[in-house]
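One-letter residues, chain by chain:
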Amino acid sequence: MVALTINGEAHQVGAEPDTPLLYVLRDDLKMNGAKYGCGLGQCGACTVMVDGEAVFSCVTPVLLLEGREITTVEGLGTVEKPGPMQQAFIEEQAAQCGYCIAGMMMRAQSLLQKNPNASDAEIRAHMEPNLCRCGTHMRIMRAIHRAAELMRSGAGTGAARVTGERGS
Amino acid sequence: MKLARVVAIVVVIVLIGLGGFVAFAWRSEIAAIDPPQPQSFDAALVQKGATLAALGNCNSCHSAPAGKSFAGGLALPTPFGTIYSTNITPDPDTGIGRWSEAAFIRAMREGVDREGNHLYPAFPYDHFTKVTDDDDKALYAYLMTRTPVRAEAPANDLPFPLNVRLVLAGWKALFFESGPYVIDRAHDPQWNRGAYLVQGLGHCGSCHTPRNALGAEERGQEFAGGEAEGWTAYALDASSPAPVPWDADALKAYLASGWHAHHGVARGPMAEVTANLGTVPDEDVQAIATYVASVMGPPSDAAKARGDKLLQQPGVHQPGTDAQTAGTQTIPVKADGQDQGALIYAGACSSCHDAGRPLPYGGIKLNLSTAVNGPDPSNPINVILYGLPAAEGQKSPVMPGFQGVLNDGQMAALLTYMRMTFSDKPAWNDLEDKVADIRKGDREMTVHAADGTSSAPANPTRQNTSW
Numbered sequence: 001m002v003a004l005t006i007n008g009e010a011h012q013v014g015a016e017p018d019t020p021l022l023y024v025l026r027d028d029l030k031m032n033g034a035k036y037g038c039g040l041g042q043c044g045a046c047t048v049m050v051d052g053e054a055v056f057s058c059v060t061p062v063l064l065l066e067g068r069e070i071t072t073v074e075g076l077g078t079v080e081k082p083g084p085m086q087q088a089f090i091e092e093q094a095a096q097c098g099y100c101i102a103g104m105m106m107r108a109q110s111l112l113q114k115n116p117n118a119s120d121a122e123i124r125a126h127m128e129p130n131l132c133r134c135g136t137h138m139r140i141m142r143a144i145h146r147a148a149e150l151m152r153s154g155a156g157t158g159a160a161r162v163t164g165e166r167g168s
Numbered sequence: 169m170k171l172a173r174v175v176a177i178v179v180v181i182v183l184i185g186l187g188g189f190v191a192f193a194w195r196s197e198i199a200a201i202d203p204p205q206p207q208s209f210d211a212a213l214v215q216k217g218a219t220l221a222a223l224g225n226c227n228s229c230h231s232a233p234a235g236k237s238f239a240g241g242l243a244l245p246t247p248f249g250t251i252y253s254t255n256i257t258p259d260p261d262t263g264i265g266r267w268s269e270a271a272f273i274r275a276m277r278e279g280v281d282r283e284g285n286h287l288y289p290a291f292p293y294d295h296f297t298k299v300t301d302d303d304d305k306a307l308y309a310y311l312m313t314r315t316p317v318r319a320e321a322p323a324n325d326l327p328f329p330l331n332v333r334l335v336l337a338g339w340k341a342l343f344f345e346s347g348p349y350v351i352d353r354a355h356d357p358q359w360n361r362g363a364y365l366v367q368g369l370g371h372c373g374s375c376h377t378p379r380n381a382l383g384a385e386e387r388g389q390e391f392a393g394g395e396a397e398g399w400t401a402y403a404l405d406a407s408s409p410a411p412v413p414w415d416a417d418a419l420k421a422y423l424a425s426g427w428h429a430h431h432g433v434a435r436g437p438m439a440e441v442t443a444n445l446g447t448v449p450d451e452d453v454q455a456i457a458t459y460v461a462s463v464m465g466p467p468s469d470a471a472k473a474r475g476d477k478l479l480q481q482p483g484v485h486q487p488g489t490d491a492q493t494a495g496t497q498t499i500p501v502k503a504d505g506q507d508q509g510a511l512i513y514a515g516a517c518s519s520c521h522d523a524g525r526p527l528p529y530g531g532i533k534l535n536l537s538t539a540v541n542g543p544d545p546s547n548p549i550n551v552i553l554y555g556l557p558a559a560e561g562q563k564s565p566v567m568p569g570f571q572g573v574l575n576d577g578q579m580a581a582l583l584t585y586m587r588m589t590f591s592d593k594p595a596w597n598d599l600e601d602k603v604a605d606i607r608k609g610d611r612e613m614t615v616h617a618a619d620g621t622s623s624a625p626a627n628p629t630r631q632n633t634s635w
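One line per chain: the protein sequences are A and B, in this order. 1 is the number of the first residue of the first sequence in our numbering; add one for each residue after it. 169 is the number of the first residue of the second sequence in our numbering; add one for each residue after it.
Since the hints were derived computationally from the structure, they do not count as laboratory data. Take these hints with a grain of salt, some might be off.
DSSO-like mimics (lysine-lysine), calculated; alpha carbons at most 30 angstroms apart, straight line [as the list claims (entries may be wrong)]:
#1 Lys236/B x Lys216/B
#2 Lys114/A x Lys170/B
#3 Lys114/A x Lys608/B
#4 Lys593/B x Lys477/B
#5 Lys477/B x Lys236/B
#6 Lys602/B x Lys236/B
Computed spacing ranges between beta-carbons, pair by pair [claimed, not checked]:
#7 Lys114/A x His355/B: 54 to 64 angstroms
#8 Ala125/A x Ser268/B: 19 to 29 angstroms
#9 Glu53/A x Arg474/B: 36 to 46 angstroms
#10 Gly465/B x Ser119/A: 32 to 42 angstroms
#11 Gly8/A x Asp605/B: 51 to 61 angstroms
#12 Ile201/B x Lys114/A: 25 to 35 angstroms
#13 Asp301/B x Lys114/A: 51 to 61 angstroms
#14 Glu600/B x Gly154/A: 33 to 43 angstroms
#15 Glu600/B x Glu53/A: 18 to 28 angstroms
#16 Ala125/A x Pro327/B: 31 to 41 angstroms
#17 Arg124/A x Pro594/B: 40 to 50 angstroms
Keep in mind it's a predicted model, so treat the numbers as computed, not measured. In this text, a Cβ means the ideal position worked out from N, Cα and C, and glycines have one as well.
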């Protein structure tokens with residue numbers, strides 16, 4: 001049994017200590033936000049935060065995580081109340097196929113949480129490990145800048161605006 | 169009366185001594201020139217200079233992150249303080265635009281700038297002194313035809329008296345021997361070409377030879393292994409810690425392409441060297457490899473047998489099972505115990521290092537790794553904490569860094585397990601403290617290549633691999 005704290009909630013998981021966190025999230029806890037891309041820590045689709053740092057959950061054995069604060073994309077907000085990062089990605093329509101986006105948001109979140117005034121160059125350098133095969137990088141960059149604006153202005157979730165704009 | 173006379177005599181002697189030292193240390197200024205027109209240089213000479221600049225790895229120190237190539241400003245941490253590399257573009261005010269060819273050759277040969285100031289040996293003139301006038305002229309032609317960049321290097325941060333450049337004359341008197349490379353008739357031209365490049369422009373000993381307390385390379389210990397920018401530069405002599413002994417062919421392949429299947433990939437400062445060597449003619453890399461292999465000497469029968477055995481072994485861990493058809497994805501092996509290091513290895517390292525994917529994109533089997541078998545754990549600590557960053561704009565080996573998730577104790581457990589499992593060398597000591605030191609940044613360490621260099625072979629023709 002391994003005790004994990006994910007998005008503020010305590011979980012007891014019956015996993016071997018060397019099991020990568022990604023498998024526990026997806027298979028045991030049915031939290032499918034983090035994606036399996038390469039399994040080698042080279043693409044970033046599985047990125048989550050541990051104590052505020054972006055880490056590749058596919059190469060992070062759970063024995064390293066007891067007593068540490070894990071945040072997944074599910075912890076950033078909900079469909080009804082998206083967090084500023086999610087809100088920004090929706091507003092900028094930054095996803096094409098969407099497979100990399102949960103990881104992109106988590107890596108961006110780890111930077112902006114520490115430094116909401118990050119420069120374009122700092123964002124580019126920080127996002128380097130995460131890959132997008134659709135080529136949506138320009139929108140992702142715009143979304144991260146927008147998320148930074150939302151975080152700086154403390155503009156809640158903006159959920160109502162989204163429904164309004166979509167007009168559906 | 170008598171005392172006053174003694175004092176006077178002592179003062180006179182000291183003054184004569186000081187005056188003598190100043191006279192000895194003094195170098196005259198070489199007159200400034202108007203920057204020469206780029207068209208005034210022969211194109212073939214410029215081309216030759218480009219190759220030589222790559223062999224000398226000039227851009228590696230003379231470019232700062234996010235700065236322009238050759239515009240200087242890179243901070244070079246030394247045990248004595250921080251020295252900043254200078255601008256060697258032909259900018260007339262902040263670069264070497266007003267340097268004549270004679271001034272450039274004097275800097276290379278004697279470590280003195282155009283104005284007559286002694287240069288710090290962070291600029292490796294102890295090696296560059298061996299470069300021929302012809303090669304210096306080609307380098308000059310190449311540098312003077314680069315785009316001038318206006319960039320003032322920050323002032324050096326050195327304590328008194330090291331900030332007085334005249335003092336360097338004393339250092340030179342003790343440790344510096346000027347003069348060109350002398351051909352060794354006992355060896356063939358290829359060996360001599362290699363020795364000329366390695367001892368001279370290539371300045372391999374700057375990192376791979378240990379230094380004494382005053383920062384000079386230890387005589388008689390050439391290539392016995394040194395340190396550079398927080399990385400261990402492994403011994404290139406008979407004490408090389410490579411589990412599979414190097415030979416000239418392996419050295420040539422490694423130097424030209426930045427990796428070798430039996431040795432792994434170049435990283436840290438060496439990645440910049442191999443990126444540059446990827447652009448130079450084969451003959452030069454062959455010559456360097458020939459000379460270095462001769463410095464190492466042929467491996468003992470025991471070392472060779474051990475290397476052959478390692479290559480035949482399937483690996484300490486069997487490759488994981490393929491999880492997906494692409495063959496890149498494997499289910500990690502299960503740890504064979506409850507040792508924390510073994511468990512971390514199984515969950516974090518095994519999916520690449522035991523997957524059996526070929527280098528340079530697959531991870532090396534760690535029983536072939538010089539880093540795991542070396543005398544000092546700095547390199548594996550650097551690589552595990554910070555990974556191998558991707559080269560910009562080209563394919564390259566990549567490894568994720570684990571600084572966000574592994575704490576110092578877990579790092580120590582993992583390194584202890586790796587050392588015990590993949591090496592027959594004695595355990596490393598004080599691992600937890602060493603990890604903490606590196607993480608705190610007490611020892612400066614270069615992870616990303618400077619702009620104008622890359623951590624992958626720069627020559628795209630060398631990247632056509634079969635996988």
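Now for the hints, and whether the structure bears them out:
Using a Cα cut-off of 30 angstroms, the hinted pair Lys236/B and Lys216/B holds, with the two alpha carbons roughly 21 angstroms apart. Among the hinted pairs, Lys114/A with Lys170/B is inconsistent with the structure: their alpha-carbon atoms are about 73 angstroms apart, more than 30 angstroms. Straight-line distance between C-alpha atoms of Lys114/A and Lys608/B comes to about 18 angstroms, which keeps the hinted pair within the 30 angstroms bound. With a C-alpha separation of about 17 angstroms, the suggested pair Lys593/B and Lys477/B falls inside the 30 angstroms cut-off, and the hint holds.
The straight-line distance between the Cα atoms of Lys477/B and Lys236/B is roughly 47 angstroms, outside the 30 angstroms bound, and the hint therefore fails. Proximity of Lys602/B to Lys236/B is assessed by CA-CA distance (about 34 angstroms); at most 30 angstroms being required, the pair is judged violated. Separation of Lys114/A from His355/B is about 57 angstroms and conforms to the stated range, judged on CB atoms against 54 to 64 angstroms. In this structure the supplied range 19 to 29 angstroms is violated for Ala125/A paired with Ser268/B, their Cβ-Cβ distance being about 40 angstroms.
Distance hint check: the CB atoms of Glu53/A and Arg474/B are about 40 angstroms apart, consistent with the given range 36 to 46 angstroms. A beta carbon spacing of about 52 angstroms between Gly465/B and Ser119/A contradicts the range 32 to 42 angstroms that was offered as a hint. Distance hint check for Gly8/A and Asp605/B: the Cβ-Cβ separation is about 34 angstroms, which falls outside the suggested range of 51 to 61 angstroms. The hint said 25 to 35 angstroms for the Cβ distance between Ile201/B and Lys114/A, and at roughly 51 angstroms that hint is violated.
Roughly 54 angstroms separates the CB atoms of Asp301/B and Lys114/A, a value that falls within the hinted 51 to 61 angstroms. Taking the beta carbon of each, Glu600/B and Gly154/A are about 41 angstroms apart, inside 33 to 43 angstroms as hinted. The supplied range of 18 to 28 angstroms is met by Glu600/B and Glu53/A, whose beta-carbon atoms lie about 20 angstroms from each other. Separation of Ala125/A from Pro327/B is about 33 angstroms and conforms to the stated range, judged on CB atoms against 31 to 41 angstroms.
Distance hint for Arg124/A and Pro594/B: a CB-CB separation of about 44 angstroms, consistent with the stated range 40 to 50 angstroms.
In summary, the structure is inconsistent with hints 2, 5, 6, 8, 10, 11, 12 from the numbered list given earlier, while agreeing with the others.
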